[in-house]
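J.: Spelled out from the first residue to the last, the chains are:
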Amino acid sequence: MTEVLSEQVGRGSHSGALLEVDDLHVEFRTRAGVAKAVNGVTYSVDAGETLAVLGESGSGKSVTAQTIMGILDMPPGKITGGEIRFRGVDLLKLPEDQRRRVRGEGISMVFQDALSALNPVFPVGWQIAEMFRMHRGTSRAEAKKKAVELMDRVRIPAAKDRVNDFPHQFSGGMRQRIMIAMAIALDPEILIADEPTTALDVTVQAQIMGLLAELQRDSNMGLILITHDLGVVADVADKIAVMYGGRIVENAPVHDLYKNPAHPYSKGLLESIPRVDHKGQELYAIKGLPPNLLEMPTGCAFHPRCPYRRDNCVTDVPPLYTISGTRGSACHYWREVIDEGEH
Amino acid sequence: MKANTESILEVRDLVKHFPLTQGIVVKRQIGAIKAVDGVSFDLHRGETLGIVGESGCGKSTLAKLLMALERPTSGSVRVHGRDITTARGAELKRMRRNIQMVMQDPYTSLNPRMTVGDIVGEPFEIHSDVVPKGGRRRRVQELLEVVGLNPDHINRYPHQFSGGQRQRIGIARGLALQPEIIICDEPVSALDVSIQAQVMNLLERLQNEFDLAYIFIAHDLSVVRHISDRVAVMYLGKIVELGSDAEIYDSPTHPYTQALLSAVPVPDPEGRETRQRIILQGDPPSPANPPSGCHFRTRCWKAQDICAEQTPALEARPGSGHPSACHFAEARDVVNAQ
Ligand SMILES: Nc1ncnc2c1ncn2[C@@H]1O[C@H](COP(=O)(O)OP(=O)(O)OP(=O)(O)O)[C@@H](O)[C@H]1O
Ligand SMILES: Nc1ncnc2c1ncn2[C@@H]1O[C@H](COP(=O)(O)OP(=O)(O)OP(=O)(O)O)[C@@H](O)[C@H]1O
Ligand code: SF4
Ligand code: SF4
Ligand SMILES: [Mg+2]
Ligand SMILES: [Mg+2]
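Protein chains in written order, with full-length UniProt numbering: chain C, 1 to 343; chain G, 1 to 338.
Only chain C is shown next, with the shape it has when bound in the complex:
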């Protein structure tokens, strides 16, 4: 835990979850217009908990994560509203030097594309060791020793012999392990993994997901897993936030969402995936295309594609209705969707 933050708030002295994103708004001002990438995202994650953030390409998953990390491109990005509270402290109000401490020690991130996230001209061990030197002022020799320990911990075979190897000398799966090693180097309380296995084969994906689960168990990290793979989510998530057009359209504990979705988009997604465990009939296909952020549909952003649409959906933006203490749906007709019965 960071000293900076511990000075401000003692451990456990606030009532909310460890990390709370509250009504976050982010837009990009581009020549083509203002793209509202994040339009009121609210989610939270606690220690030891896994939140899966699910959604189509362009729905704002990564931009939300970048904003939490404080690495959003500004400009063209601009945070136009909301709070991101870590241990109850709004990170968006912290000065940059304190923010930097939170990054890595409080919250850290594994990026989707491991090859481009690693620096090709430095040995991987050096890059891991750099985390300790920068944040902790650890000596060179000590930092290198720690790098080897970490490479061992993420199961790089013969870590000691490979600490001086360069990124291109590792396979995709091993590079992703090295990224994970860097992300957990400073014992963060929250780890954000943005599509950590999308570029990898299923057998390697299974290894990496197993590793993340184990690391999480050992250190009781909160994990935010960004993905569009409904299989991975079903496997590891405690709860799910489904994003569409920059908003959370449904949040729910994992079992509830798969059994009985409460938003037409989540329901459509579940019905449109082929399954490995049985052959199935023709797939349900959500018709149409994801929204254009420059010209968001009026009312409910999903209305041009929604089979449940009524007239008021075109004009009235649905709030995130509370279904229960742990569930919400941004659909005027969530009762009808949920009543259609168990999956």
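Since the hints were derived computationally from the structure, they do not count as laboratory data. In this text, a Cβ means the ideal position worked out from N, Cα and C, and glycines have one as well. There could be a bad hint or two in this list.
Covered stretches of chain C, going by a simulated chain G footprint (3 or more residues, C-beta under 8 Å) [said to hold, decoys possible]:
#, segment
1, 161-174
2, 231-238
3, 273-282
Starting from the known structure of chain C, arrange chain G with the ligands on it as the hints suggest.
T.: Structure of chain G with the ligands alone, referenced to chain C:
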């Protein structure tokens, strides 16, 4: 999906080795990458043969060999009995009409400077006898309609379309010459789940309509199961198991197939605590230096001495009613294992 057993494509002992060279001025061959290393199978009229396997196992190289975009090191690819690998000139051109390809990446596989009409109509320029010049525009518009695109968009450029729409453009182009065989190399991998379903449904509809045979390459085993009548599993340049979709998914007999299937996450959280997983250790070995005997033995939990000494043939065995390249083939349902 109603397949009959007339073979329209017969692949026998197909091999493609890429030379590995060293030296800049004087190139010396120091070895070979065995990208495709003895592959045989038949494709029947109107069926879908799925090909699955991890990155680098040779799927795309196999596709290129079937299209005669690469020349094999040895082996044959017969289309209606004629070998495309030895065909040249006019004969090759004629044979190619019958096999078309849809590529993985809808973002880079279309020429950004050509209009949709030019892209879909290009095969008519190459094979100018198929549709007379005056009728081409009309034909392209028909094709756009078949794949669910607006025929009025014929003058637009690829960047004006979404990924799923671009994939439809690629499919329309593949259909232009009315081939019997379409090879799809990861046609839906780059697409969102909701768009994936649209494209897969389209492929199935077109298959029924035009009696197409597909070779469907993908690393997503759920997608392959959904669309395929039969499935071939590849590992390091070889097919290790070949069977109907039920044979491969419900009773796989090769340890690699079992490991691959058990690694696929099932989109249902019920029972996840007790689901059994075979987690393979390590990465696949380099195709430049595959292990002796069974290529999978370095990661196989069942390996015995014989596995290093004898290459297991792809054939039906006492423990496997369908072809499996394992000395100890034995059915095991890993997908539904609890
Ligand atoms: N630096 C930027 N400048 C302009 N627009 C941006 C920038 N970064 C992101 N965007 C836009 O914000 C929107 C949300 O992007 P984001 O990367 O969060 O999507 P995502 O949900 O992570 O999608 P994917 O699944 O493809 O990773 C997109 O429309 C994207 O084009
Ligand atoms: N032109 C080439 N020259 C040398 N090696 C090649 C060439 N093309 C492919 N290879 C090698 O052959 C092997 C098989 O490659 P291929 O592209 O067929 O695999 P793949 O199964 O399609 O993989 P992916 O799932 O990643 O697309 C790889 O090791 C690759 O590096
Ligand atoms: S609010 Fe209306 S359009 Fe939006 S998801 Fe619900 S029913 Fe569909
Ligand atoms: S032949 Fe031997 S090494 Fe190969 S898959 Fe079978 S048991 Fe394993
Ligand atoms: Mg993203
Ligand atoms: Mg390929």
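J.: Checking each numbered hint in turn, tell me which of them this model violates, lowest number first.
T.: none
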